[in-house]
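Engineer: These protein sequence lines are chains A and B, in that order. Residue numbering for the first sequence follows our numbering, starting at 716 and increasing by one per position. Residue numbering for the second sequence follows our numbering, starting at -4 and increasing by one per position.
Simulated from the structure, these hints should not be mistaken for lab results. Think of the CB as a built atom: it goes at the ideal place given N, C-alpha and C, for glycine as much as any other residue. Among the hints, erroneous ones may be present.
Here are the computed distance ranges between Cβ atoms for each label pair [to be verified]:
| hint | chain 1 | residue 1 | chain 2 | residue 2 | range |
| --- | --- | --- | --- | --- | --- |
| 1 | A | Gly861 | B | Gly221 | 16 to 24 Å |
| 2 | A | Trp876 | B | Val264 | 23 to 31 Å |
| 3 | B | Lys100 | A | Ile721 | 48 to 56 Å |
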Amino acid sequence: MIALRIGLAALFLMIAVTVQTSVLTNIAVAGVTCDLTLIVVIALALSRGPEWGAIAGFAGGLLLDVVPPADHTAGRWALSLAIAGYIAGLIRRETSGSPVGPLGVALTVVLGTAVSFFIYSATGSLLHDPSVDWGEFGVRLGIAAGYDVVGAIVVIPLVMWIMGRVQPARERRRVAP
Amino acid sequence: MLKDLGTPTTRSAFRSAGETPLRSAGTPRDVRRRRTVLVLVILACFTLIVLDARRSAGSPVEPLREAAAGVFGPLESTATSARQPVDNLRDRFAEMDRLKAENEKLKKDNEDLTRELTTSDYARNRAQELDKLLKVAPAFTMTPARVIGIGSAQTFSHTVTIDAGTADGVHTDMTVLNGTGLVGRVVRTTQGTATVLLIGDRNSTVGGRLNASMALGFVSGRGEVGGTLDYKLIDPKARPKVGDRIVTWGSSGNAPYVPGVPIGVVTSVTANEGSLGSTATVKPYVDPTRIDTVGVVTGPPARPPRPQITGKGN
């Protein structure tokens, strides 16, 4: 069961990275694409908790860091998504395993977008990457957050439903009394 | 809901051990394990960043990039072929319709400009100043390629992936162009894919020559989504004019940029504050958000650019 879950999570992340880099960029709004990988990481974190969030975030971010056309220092998205995933997992714990409401999911996505984009930009600044432009940060964050919520409406229920199907029986009992 | 996020471990652990246990926090062991995972992951990230930060040739992350490109190159390629529905969807947006119309107009303008460019200023100047022997755009060997991945604005970098790699003779520091002008240069290659740094990236600088006056200068990216460029002339007294066209002046050995490729047109000129000279804003001929088929210059002309006079010049 655990192997199946890990395999599914890896599959989700790979699909997300592929679609994000080659399909979603064609419907970018002002250059900003939907962070599908982040959404999948948040979905995994919401269904499995902070450890899963952090590790899935690390794996997904690492893919974003090394899959072309990435040309920045590897590890930046990994760090950003790992922390965003961890926080999303904590939010799930806060609501004690019961399904997080739609508003909660939307807020989590916005928070995750803000946290990950900020960490990505901040690490770029620390590494003296000349391409980081804080003047554009606010606008791009706003667009990205809105876009991610739209993407999350489709993706998060799907991922959480599939992950729920492969949940161990004892956890299912605890969640659904 | 978020109140516990910022508080340190001890509180939630303590609470859960107390008489009103928070359902959320889990047992202290859970909390400890969770923290350990977070710390390990963050350490792994920092290790990666430190290992890769120097961008030297021997970065241990390179094999990882190679492997990722090997797996995701074909995936991206497939996804790009399957994006027809997405394209249709995109076309429904009114904004996109407007852009499309504008693009049509620009394309037509560009064609006109390019034709004008090849026939008038550049050819005339070259012909006059360089004993009428240079051809405008020497016949370089080109390898066609398709864009299969585009960097998003969230990464701040303007890069695209193309589906040609070392197997097709594409190597780093090769010029990439399309029908309308200069796209960028190859910065990273693998077996089947290559990463192209667009001229609009802040890390990109191209030597550019003003068509009208033949003055030399440098075109650098601004990192904006539209790909707007800055142009600074070497000669501080020379002044670009609005409407002037800029072409590459080429690097030694034709790498990374071959000469004579149209870059863009000057849209405004501002005097530099506190120093001589002026900076021009350049609108690139190539719309960075609409790149699809590109050509990589994989070979120089038979001889450096002065073979015949039978070009389109006349």
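Engineer: Does each hint fit the structure? Answer for all of them.
Structural biologist: Hints versus structure:
no., hint, verdict
1, A:Gly861 / B:Gly221: 16 to 24 Å, "holds (20 Å)"
2, A:Trp876 / B:Val264: 23 to 31 Å, "violated (58 Å)"
3, B:Lys100 / A:Ile721: 48 to 56 Å, "holds (52 Å)"
Hint 2 alone, counting from the list given before, is not met by this structure.
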